[in-house]
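So the sequence lines, in the order shown, correspond to chains G and Z.
Just so we're aligned, residue 1 is where the first sequence starts under our numbering, counting upward by one.
Just so we're aligned, residue 1 is where the second sequence starts under our numbering, counting upward by one.
No lab work stands behind these hints, which were simulated from the structure alone.
Hints are not guaranteed to be accurate.
Just so you know, same-sequence chains aren't split out, so a pair can sit in one copy or run between any two.
Below, simulated SDA-like cross-link-like pairs (lysine to any residue); rule was C-alpha separation at most 20 Å, straight line [to be verified]:
hint	residue 1	residue 2
1	K830	N762
2	K560	D698
3	K669	P801
4	K486	M273
5	K360	F610
6	K669	I811
7	K805	S490
2 protein chains.
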Amino acid sequence: CTDLSRWRGPLNSLKSDEAASGPKQGPTFQDGQRRVDYVLTYHVQKPQSVRRKTSRFADYRILRSLRRSLSTMRSGGTPPSKEDPEIAAHKHRLDYHEDDKRFRQTEFEDNLREVGLELEKDEGNKIPGIGFLKIHAPWNVLCREAEFMKLKMPTKKVCNVVERINLFIHKVTAPLHPKVEPNRPQNVKHLSHPFSREKQHLKFDLLKMTFTGITSLLGNGVYTAAYPLHDILYEEWASYSVFYKYQPIGLIRKYFGEKIGLYFAWLGVYTQMLIPAAIVGVIVFLYGCATVDNDIPSMEICDPRNNITMCPLCDRACSYWKLKTACGTARASHLFDNPATVFFSIFMALWATMFMEHWKRRQMRLNYIWDLTGFEEEEDHHRAEYEIQVMQKTLKKQDMSPKVVKGFLLSFPLQIGVTFAVVFGVILYRISIRAALHMSSNPTARSNIRATVKGTAAVINLVIIIIMDEVYGAVARWLTLLEVPKTDKSFEERLIIKTFVLKFANAFSPIVYLAFFRGRMVGRPGDYVYVIGSYRMEECAHAGCLMELCIQLCITMLGKQLIQNNLFEIGIPKIKKLIRRRKSDMDSQQQEDYNMTLERHEKDHFLGPFVGLSPEYMEMIIQFGMVTLFVASFPLAPLFALLNNIIEIRLDAKKFVTEVRRPIAARAKDIGIWYNLLRGLSKVAVIVNAFVISFTSDFIPRLVYQYMYSPDGSMHGFVNHTLSYFNVSDFQPGTAPLQPMHLGYEVQICRYKDYRETLWSNTPYDLSKEFWAILACRLAFVIVFQNVVMLMSDFVDWLIPDIPKDISLQIHKEKILMVELFMKEEEGKKLLRDNHTNQSPFQPRSRPASHTPSKC
Amino acid sequence: CTDLSRWRGPLNSLKSDEAASGPKQGPTFQDGQRRVDYVLTYHVQKPQSVRRKTSRFADYRILRSLRRSLSTMRSGGTPPSKEDPEIAAHKHRLDYHEDDKRFRQTEFEDNLREVGLELEKDEGNKIPGIGFLKIHAPWNVLCREAEFMKLKMPTKKVCNVVERINLFIHKVTAPLHPKVEPNRPQNVKHLSHPFSREKQHLKFDLLKMTFTGITSLLGNGVYTAAYPLHDILYEEWASYSVFYKYQPIGLIRKYFGEKIGLYFAWLGVYTQMLIPAAIVGVIVFLYGCATVDNDIPSMEICDPRNNITMCPLCDRACSYWKLKTACGTARASHLFDNPATVFFSIFMALWATMFMEHWKRRQMRLNYIWDLTGFEEEEDHHRAEYEIQVMQKTLKKQDMSPKVVKGFLLSFPLQIGVTFAVVFGVILYRISIRAALHMSSNPTARSNIRATVKGTAAVINLVIIIIMDEVYGAVARWLTLLEVPKTDKSFEERLIIKTFVLKFANAFSPIVYLAFFRGRMVGRPGDYVYVIGSYRMEECAHAGCLMELCIQLCITMLGKQLIQNNLFEIGIPKIKKLIRRRKSDMDSQQQEDYNMTLERHEKDHFLGPFVGLSPEYMEMIIQFGMVTLFVASFPLAPLFALLNNIIEIRLDAKKFVTEVRRPIAARAKDIGIWYNLLRGLSKVAVIVNAFVISFTSDFIPRLVYQYMYSPDGSMHGFVNHTLSYFNVSDFQPGTAPLQPMHLGYEVQICRYKDYRETLWSNTPYDLSKEFWAILACRLAFVIVFQNVVMLMSDFVDWLIPDIPKDISLQIHKEKILMVELFMKEEEGKKLLRDNHTNQSPFQPRSRPASHTPSKC
């Protein structure tokens, strides 16, 4: 770094910075000095003479291609990796295959050395058949790159009273902060040129540039794997014992890169925001518990004096029943169906908006702290698969565009088709199961049917959801592959959207069914609606649908999270690891001894590859859906989500640190498409909650009864008002109960829950005026609720600025500093030139970085 | 500019650029060489010795303040203009007043000269009592400033097939393009440093910096006016004969600055987008005309065989009437109330979204072309009024914050209160006028009442709207002044929001009343709703409210635009000009002769001051509201708006060029708060249209009748279905018609338009089941319509990228070029340093600007 005297200061500080945060005894080369930055693995064959080919491969120089790659990367052009699959296609003779691999390896390694990287081979020392190519990026190489990229210079932040208050807050909350970070908010912010990079990234950027061709080399089997090394475990993060602490986001970002850093920051913000939601949710639930004894409708249902005989809930097998048997359900329903729920769903809609705003601000702050304000996503490279496809088509002299278009056209309806087919399949399955249970000829079992069905249905659903989740993941991938997206980014986005649609439909279809369809289109006694021959649509017990919705939500949330967390996130990687070890044919004792002798990079070889953040985000976004969409019917959802997330953070941390190979640090400014999905969800949540309140709960009918029909303005008589009359002589032939004397007396008129004309009106069993009045009120409530909440959300959105005030001020100040710096530099240049023409002796100029720091 | 050798190239090109676009013979100093860039006017007093005060003013040096102002402006600190009002407050002795003015003038002028500006005084030559201070900014001063700011360097755009297609399109549309611009899209785009400025702006920025204190000088009467000069008129823009041409936006921006340029660009985009809307609107209207003879409901109303007797429309004075007299109204209503209207309002909702998107893209493109991508709004200066208030409070040893808070708290409810009071006042006024007309004892006049009322009501409304518009403008300003906003920007924004709310409420309250309230809460025969004693709520004729809504919209749009355009925008400035001339006491002949002798800057003195763009935007945004909000009831609105805007563009152009003093060019990146208002309007439009379709029009009742009640699935019998029965014996005492035999026979049962129970039901006159069913359908339609249209809008929003593809590519390329340039410069610097240390003779480096241009 001799020629970079002016940058030495900052570079040195970076070096020491790295020394502080980096591992004290990281894996090194055999000399114990040079650190291993990156590892490539390959299969070791019997030694073969490296023939330099004079065939048509001679004119194809990977070396040249890589050099070009380096230069085009810098100027932002398209990488020349396009040519690699071309060779792959030309190469058909199998006898050349191994030779070619070896040849390309040598070429590649030569090139790495030429760029200045240092290599060390470790062939089949302990793991037979696998060779390791350890790569070290020496300091001077990074320095050279730094020269191109301009490093940042430290400058001082202005501190003020606010800062002092912050400091005080920081002191108070000290136990919540992880111990790894300096126990004081950093006062020094680095001022950077728009195109400056940090050293950490410089290193990986350099490696990435050099390895532009590595994807195709991996694809062709020249190398078997490529990964940077795991350094250390962070006791202060990836441990359940520190669940109450803030995450060391700065360190996470240094270790894993911005993309993963942003994920954990987002997860942190989400979990933090869940705390108030959970508290309010619990209060709402407690309010329900406290008022359950004063609820007149459930009192009326439970009152034995109201001797109401209800119509049978299924054909033939079921008989008449007493309303007071629904007493328990009615009381339990009140817990989730009371006026506080309306307040809570408005609260949660605003909460979702606040959360999005809060995250936008946090992201902006992180962007500023992490120096991403000037960063733009790099142009995306074409996917190898796409290129191969293009190449194949070109070879076959076919135009490829029709196929791609066909794939596009095919995949969208297919996607929708698959979703709907399975959703309806599950519903039909549920109905038929239910019907089969009801139809069972064993009369003693029938009494337990309700309980059995309620308990098992949710569990069956859960199992189906979890199984289908995996299936859908594969379907989405398959559909996306059909489309052959052009770039990695578009591949990822399309995959995410498809997976989201499918998994979301999977997770929510039973809930939506329960909330909006179950017990709606059942018809009426004597004129039931039948689907597929003779299956009657499911009915709810009095006030029972909401209860079942709650149970379903509860089981889905708890079960899905527990099973998916434990089984899939912990279990499966462990099993995979085990299988990978099994392949190396050793028993467990041997294994352990062997493990002890392994070096870091060799141990990492056994870890699973990093599969991206999509599954983590997906899990969280579906949880976000549960928390916001049906919160009106289940106020405890935020609490469940909070408890899960506290575990989830540490679980993910553990997984990333110990279970998978350390991913290559990737830059990202934001959480990308996930933000849009979250926004979409929080918009949909408003309308869904409006419908849950007005259609699933009894909130509106109660209000209407109280203000339009009640004789004394109280709720007394509400239950009677909701029940219509049915003359048992009007049963369709063959649907009347087999045991009409089940209750011990002959039933002439039974009641059912619906608003229909009385028996003595001109048009008995027609929908009554009350039905239409209540429907109109329900719909009016939806309109009012939706628009009021949307207005309030927009207001909150408008009220909270997207960029925190202090950050925007700071950015403004930095811009001015930049201009000053630039001017000084220009002046210095002029001075230098003047000096030169005057032939005066060279005087070392003051560094431009050392401009006056604002006083604290 | 000798020391700027490397910038000379670009600067020269800029100079020639200015020579090309600037005036050939602009107003100059007396030497005919130096151009007048800015003019200050002041009152000329009898000569007075300029006493240098040794009092406390001596230590307050404006000079120093201005110098500090210049430096703080550069470093972005707060300007020291804060101190100016302080002097103003200290200065109470009147005898010092004139002296002080003269003293401050001299100080100020000295300072201007010190900065390097050249001044020429022109005292009372032709206009007695008024002195002109002409200011010229010499080339070398601008060069010096340029050094600080870094000028941009030309670079070549890559041209491709798309460009050729564009060229072809451009050739085809050549007659539409104004002749002033080079008749080919510019192929050369300037690459600029983030903080570069254009020379034009440099000049005005420099002047603005220097004149930071001018506001307070103007406020204290030291100078009477400050304005840059009008150069030339643009025949290719400010003329009605070129109405079909595109606007020369580039030139407008050069002449008036970005802020006004953006206004005209926005107006252009809006007008352009109105063309498809107007075409579709006309088609929808024609569809209505074509199908009017096939409309069964209006056929039934007009059919004399349906001898339906209707109940009287007012108490006592009115009598029974035949339904077939409403034939004309019913037929006319069909023109605006047919299924095509539903399609049209969906179309217009999407149109509004498309318009917003289109404008975002256009704005982005203009930002790129005008080099505003890196530009940030400068920090705002405190308003003089605010400072004075602060200063006064400080003097009175009072804390000012309570007053400000009180102003804040006071103004918001006041604002809402005023709005509502006047809205209700107007409605009550309408009702009472109507009632008075009905109550007139002259029986012959009563037959003409309907026609009279319909015709006059809209006109009266229009007059009220126009008068109240001016009143509201003043009220908004007064309310904003009460709040004492801190900065000019916040003052402007608050004023705009207040004015918008008031003017919007004013323009739309009669329309909203007609659409949603008129004829709703009228009660029923025998049980009418009365307000304020005995005024019955207004009723509509059968299908009449929609027709009246149309008439109201039509008259408001046409009348408001014609009157406000002609009277206020052309007439009043002319009158003001006249009055201003009158003040100089000359007759018209003298005046004309005198005018000939006047120089440009003297002529400009008689022009009105530029009052900002707010009135122009406000007018357009209210028009946008008319076009989108009630488009469901008036599909011709876009056509009217289009015709108005074609005139409006040229009118505004004429006004800006000839009627007002040339405004100081102001920079702006976007249209600011107006964009938010437009967005808000287009959101509100969706819900308003949903309500207009479902509640104002008969669309839903017809659908419901056809599918639920019609015996044969046709519309036959619809009219009869909508009418309820009333037994005339149930009239409340004193409300029965005075002339029950008006129709020639005795009426036992009359009909009225409502869904109520029949006479022979248990509960006659109660709302019927049909009422509730139709209400539910109406509400369901609102929910479906709103959510579907919102979804579609969001989809369109998501589909159209905010930044045009070519612009984002270009920006990306420029960033890479910047990095290259920077690197080259760094290398050059190193080379220079190396040369220096080697003591080799100085070699002129290649300019960094001359990097290889990409080949076309």
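request  = Could you place K805 and S490 in one of the four classes (within, between, both, neither) given a Cα distance threshold of 20 Å?
outcome  = Classified as between; 16 Å across copies, 34 Å inside a copy.
inquiry  = Within a copy, between copies, both or neither: which one fits K560 and D698 at a CA-CA cutoff of 20 Å?
reply    = neither (29 Å within a copy, 50 Å between copies)
key: Homomeric proximity label, K830 with N762: Cα distance no greater than 20 Å   = Result: close neither inside a copy nor across copies, 102 Å intra and 101 Å inter.
inquiry  = At most 20 Å between CA atoms: does that hold for K486 and M273 within a copy, between copies, both, or neither?
reply    = neither (38 Å within a copy, 34 Å between copies)
request  = Can you give me the call for K669 and I811, within, between, both or neither, at a CA distance of at most 20 Å?
outcome  = Classified as both: same-chain Cα gap 16 Å, cross-chain 18 Å, threshold 20 Å.
ask   = For the identical chains here, do K669 and P801 meet the 20 Å Cα criterion within one copy, between copies, both, or neither?
value = both (18 Å within a copy, 19 Å between copies)
ask   = How do K360 and F610 come out at 20 Å by Cα distance, when the copy is not named: within, between, both, or neither?
value = neither (27 Å within a copy, 40 Å between copies)
This entry does not satisfy hints 1, 2, 4 and 5, going by the numbered hints stated previously.
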